[in-house]
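**Student:** Here's the letter readout for the chains.
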Amino acid sequence: MSFWATLGLQVVAVLAVMLGLALVTIYAELKISAHMQSRIGPYYAGGRWGWAQPLADGLKFLQKEDLVPRLADSTVYRLAPYVVIVAALAVWVVIPFGPSLVVRDLDLGAFYVLAVSSLSTLGVLMAGWASANKYSLIGGLRAAAQLIAYELPLLLAVLAVVVQAGTMSLSEIVAVQAEPWFVVAGVPISAPFIVKGQIIGFTIFMIAAIAELSRIPFDMPIAESELTMGYLTEYSGIRFTMFFLGEYASMVAMSAIAATLYLGGYALPGVPAATLNVVGPFVLLGKVALLVFLMIWFRWTWPRLREDQLQAMAWRWLIPLGLLNIVLAGIFKVVL
Amino acid sequence: MLNAYFGDYITVAVFMAVGALLVAGAIFASSLIAPRRPGGFKEVVYESGIEPIGGGWNQSHIRYYVFALLFLIFDVEAIFMFPWAIRLDFFAEAGLGITVLVEMIVFVVVLVLGLLYALAKGVLRWE
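Those protein sequences? They're chains C and L, same order as listed.
Take 1 as the starting number for the first sequence in the numbering used here and just add one per residue.
Take 1001 as the starting number for the second sequence in the numbering used here and just add one per residue.
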C-alpha cells in the first residue's frame, strides 16, 4: 500500500478510536458517577440504559447558538478549541496498539507525548485570556500555573521509565516490558515496569496526569463554586463541545500512555507474542478502562485542593520525589 | 524517497491538520442548523448576572510568575536529562556507569538546592 493510502487509513482508524472511546468514557462517567451517588443516571436516550446520552448531548450542543462576547479577542477566542483538539488528536500518533499496530513509532515517542500534550496548556490559556471575562482570566491563569507545575512531575516520572528502558520509543518500551524477566522451571516470566520498580513513578504519573487533565481533586481552573466554569465560562454550543470532547479524548490518551509506560501496554504475560496484533488492542483497552475507572472513582472520593495546596503538592512533594525516583532508577540500572 | 525521510513529520502534520479539520467541520455543521441572532445582552460577558464592572483584562494579582521561572529552570534541566537517560546503557557497558551517574546526581542536587532556596524564600507561602 502506498504511503498516502496507509496514512489515510490510519487517520480514519485513529479518529474512530478517539471519538468512540471519548463517547464511551463520557457515558461511563455519567453512569458510574450516578451509581456512586445512588442515582440511576441517564435512562431514556436510546431506549435502554440511556446508552445514547452522549450522542444526544452532542446533537443538542450542535443546535445551540455559537456566542462570542462583544469585547472578546475574537480571533484568539475562536482559535483556542482548535489548539486543544489538535493536541488531543496528535498524541495518538505514537500509542502502540500492537507490535505493528502503531501509526508511527517515533524514536522520540515519550518526549513527543509530553511535548504535544502540553500544547493544550496553550489552548486553555488562550481561552481564558480571550474571553475578556474575569472568571475566565483567573481560571486561565490558574490552569496555566497548574499545568506547568504538574508538567514537571509527569516529565520526571517518564524520565525514570526512559532510564530503565534505555529508549524513548513507546513500542520498544512495551517490548522491554514483554521480555522475560526471569525463568521459573523453564517458563519465562515477564513483568511490566510497575512491578519492576516503577511503583513510585506510576503513582507520580497518575497524580500528575489527573492534574494535567484538570480533573477533581485538581479542578481549580474550572472550580464551579467560585469561578462559574473558569476558562470555559463564555464558551457555548459547539465550541464548548470541542473543549469537552478534547478533555475526554485526552483522558483516554493519558490512560493509554500510562498503560503503555507502566502496565505493559498491549502485552500481557501469558499471551503468545504471535497473537498480539489481534489481541493486543483489547489488552490495551482493558488496561485503559481500568485507569479511566480509577480517575472517575477519584473524582467522587477526594475534595478539591486549595490553589496553594495544589502548588505545594507539586513543588514540595512530587518534584523532589520524581528526581529521587530518577536517581534510584539510574542506580538500579548501573549498579545492579 | 521523500516519504521515507519525512514520513514522521508528514504523519504528525497530517494528524494535526485533521484535528483542525474536525473542529472546523463541527463548527460548520453547527452553523448550518444553529440559530444566529447576534446583539443584545447575550454578547455581554457573564458576571453572575450583574452588568460587568470594568473590563475583563483588569489588573489582577499574578502570583504565578515565580512558578513560571521555576518551571523554566526544571524544564531546561529535563532537556539535559533525556539524552543522559538514553545513553546511560552505553556508558554502563563502557564501564563509566558510576561516573556518569554521580555526575547527574551532582547536577540534580544543585537543582534541588535551587528549589529549596525558592521554598525558603516563601514562594509557596500565600497570605
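Fair warning: there could be bad hints in the mix.
[Claimed, not checked] Cross-link-like lysine-lysine pairs, in silico, DSS-like; alpha carbons within 25 angstroms at most: (1) K31(C) to K60(C); (2) K1042(L) to K60(C); (3) K333(C) to K196(C); (4) K1121(L) to K64(C).
Note that these hints are calculated values from the structure, not bench results.
**Student:** Run every hint past the structure and note whether it holds.
**Tutor:** How the hints compare with the structure:
no. : hint               : in the structure
1   : K31(C) to K60(C)   : 19 angstroms, holds
2   : K1042(L) to K60(C) : 19 angstroms, holds
3   : K333(C) to K196(C) : 12 angstroms, holds
4   : K1121(L) to K64(C) : 50 angstroms, violated
Violated hint: 4 only; the structure is consistent with all others.
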